[in-house]
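There are 2 protein chains.
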Amino acid sequence: MSRSVVLHVPAPDRWREALSPHLPDVTFVDLDHEPAEEVEAAIVWKYPVGALDRFANLRLVQSFGHGVDFLASDPGLRGVPVAKLVDPGLTIAMARYVAHAALDHSLLAPRFRATQADRAWKPKRIAPPGVAAVLGLGAIGSEIARVLDVLGFEVRGWTRSASDRTFAHSHGYDALGTVMADAEVVVNVLPLTDATRGLCDAAFFAAMEAGSLFVNVGRGGTVVEPDLLAALDSGRPGHATL
Amino acid sequence: MSRSVVLHVPAPDRWREALSPHLPDVTFVDLDHEPAEEVEAAIVWKYPVGALDRFANLRLVQSFGHGVDFLASDPGLRGVPVAKLVDPGLTIAMARYVAHAALDHSLLAPRFRATQADRAWKPKRIAPPGVAAVLGLGAIGSEIARVLDVLGFEVRGWTRSASDRTFAHSHGYDALGTVMADAEVVVNVLPLTDATRGLCDAAFFAAMEAGSLFVNVGRGGTVVEPDLLAALDSGRPGHATL
Chain A
1 MSRSVVLHVP APDRWREALS PHLPDVTFVD LDHEPAEEVE AAIVWKYPVG
51 ALDRFANLRL VQSFGHGVDF LASDPGLRGV PVAKLVDPGL TIAMARYVAH
101 AALDHSLLAP RFRATQADRA WKPKRIAPPG VAAVLGLGAI GSEIARVLDV
151 LGFEVRGWTR SASDRTFAHS HGYDALGTVM ADAEVVVNVL PLTDATRGLC
201 DAAFFAAMEA GSLFVNVGRG GTVVEPDLLA ALDSGRPGHA TL
Chain B
1 MSRSVVLHVP APDRWREALS PHLPDVTFVD LDHEPAEEVE AAIVWKYPVG
51 ALDRFANLRL VQSFGHGVDF LASDPGLRGV PVAKLVDPGL TIAMARYVAH
101 AALDHSLLAP RFRATQADRA WKPKRIAPPG VAAVLGLGAI GSEIARVLDV
151 LGFEVRGWTR SASDRTFAHS HGYDALGTVM ADAEVVVNVL PLTDATRGLC
201 DAAFFAAMEA GSLFVNVGRG GTVVEPDLLA ALDSGRPGHA TL
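Same order as they appear, the protein sequences are chains A and B. The first sequence begins at 1 in this note's numbering and counts up by one. The second sequence begins at 1 in this note's numbering and counts up by one.
Simulated from the structure, these hints should not be mistaken for laboratory data. All the given hints hold, so there is nothing to weed out.
A pair counts as met if it fits within one copy or between any two copies, since identical chains are not told apart.
Listed below are the simulated DSS-like cross-link pairs for lysine-lysine, each with C-alpha atoms no more than 27 Å apart in a straight line:
1) Lys124 x Lys46
2) Lys122 x Lys46
3) Lys84 x Lys124
Using the sequences plus the hints, can you model the full thing?
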């Protein structure tokens with residue numbers, strides 16, 4: 001018996017072709033499929049609000065990416081299990097990006113590039129690795145924390161929920177200032193939820209060290225951009241990598 | 001009974017003061033100490049050729065750094081045990097430096113900095129991490145290999161001697177081309193010995209990939225600088241970090 005699965009993703013034909021050999025019993029259908037009762041699951045990236053409400057027999061929604069914010073905010077999905085992708089290739093790519101940004105800052109690379117461009121020889125002592133705070137310890141945040149640890153940083157993690165993550169961490173908004181204290185690098189890997197929307201605001205940046213680096217690889221909605229711009233002008237943080 | 005140890009290092013007074021509480025039985029003396037027979041050991045950085053020959057009872061020479069090339073090339077020391085420093089702080093500092101250079105290259109950071117300076121938005125796909133060849137797998141080279149491995153590179157090590165190092169490696173000059181084949185980054189961590197002097201010459205660079213990165217954190221004498229300059233002009237390697 002054929003099973004109907006909604007496939008609402010970028011380049012759907014390409015993905016239908018790639019997935020079909022692995023799921024021979026599945027018929028991939030569109031969001032307007034009739035009869036709606038046939039649809040058992042949906043593989044989706046961002047979709048029109050309410051577009052899944054008509055599928056009464058939906059038993060699984062698979063996000064097409066790491067993000068699930070568009071699913072978490074869909075009131076029509078209450079009770080339907082939601083899964084997300086965890087792609088090792090994307091995870092290491094993000095860890096490399098953050099590692100590069102953290103090292104570039106910590107090793108004073110912009111300063112040395114400037115003196116190199118001036119053909120000037122100005123040695124400067126590099127301080128030993130300092131504290132790197134990682135906010136969000138999911139699949140990607142944990143890998144970022146692991147990589148920064150290997151690179152010599154003193155890693156402090158922060159997560160809203162208790163967990164068995166490998167890195168020392170503290171819980172709750174109150175402790176965030178503690179995690180960020182003295183950090184030369186603060187990495188935001190947070191998902192977008194009601195608890196994290198606008199978390200990185202003026203008060204957040206005011207808790208950062210002067211001259212430190214803010215790296216955002218989390219969802220954009222967690223950062224209040226006008227506050228970040230004003231914070232950069234004030235020097236806390238000194239730099240931002242987005 | 002007091003024991004005489006030659007201390008020939010930069011800022012000797014500072015080091016005598018720091019070491020004396022830990023070695024209360026030791027008298028630190030200079031290279032011209034008399035009677036020479038009293039000297040049992042020497043803690044030295046580069047010294048005048050032959051300056052240790054007069055110490056007939058020398059039983060240990062401690063290099064003041066990671067390098068031992070100035071000791072290995074001293075014919076007067078045949079038979080005297082030689083030790084070198086292995087400083088975890090220096091090891092991680094060098095690993096961070098190499099990791100930054102490798103990531104900067106691999107993530108096309110110079111290109112993105114140029115477009116950022118032009119205020120231009122030019123997304124470009126980053127290739128998955130490629131091969132990083134590490135030449136020299138001593139205390140520092142092994143740590144560099146470990147860090148590059150965690151950062152997603154396919155690490156290939158090379159060492160002249162058989163060893164139990166953690167990374168796959170091959171031996172001998174003949175296999176060097178194999179280790180370097182397809183490497184986007186080649187890291188030289190080699191000590192200076194008769195076998196490595198001038199190893200990185202025109203033929204060596206010709207074996208590198210076009211556009212790849214050569215990182216030298218080994219001894220300068222292993223690199224034939226005019227050959228490196230000519231090689232950079234030819235595009236193999238495309239870039240060098242020294």
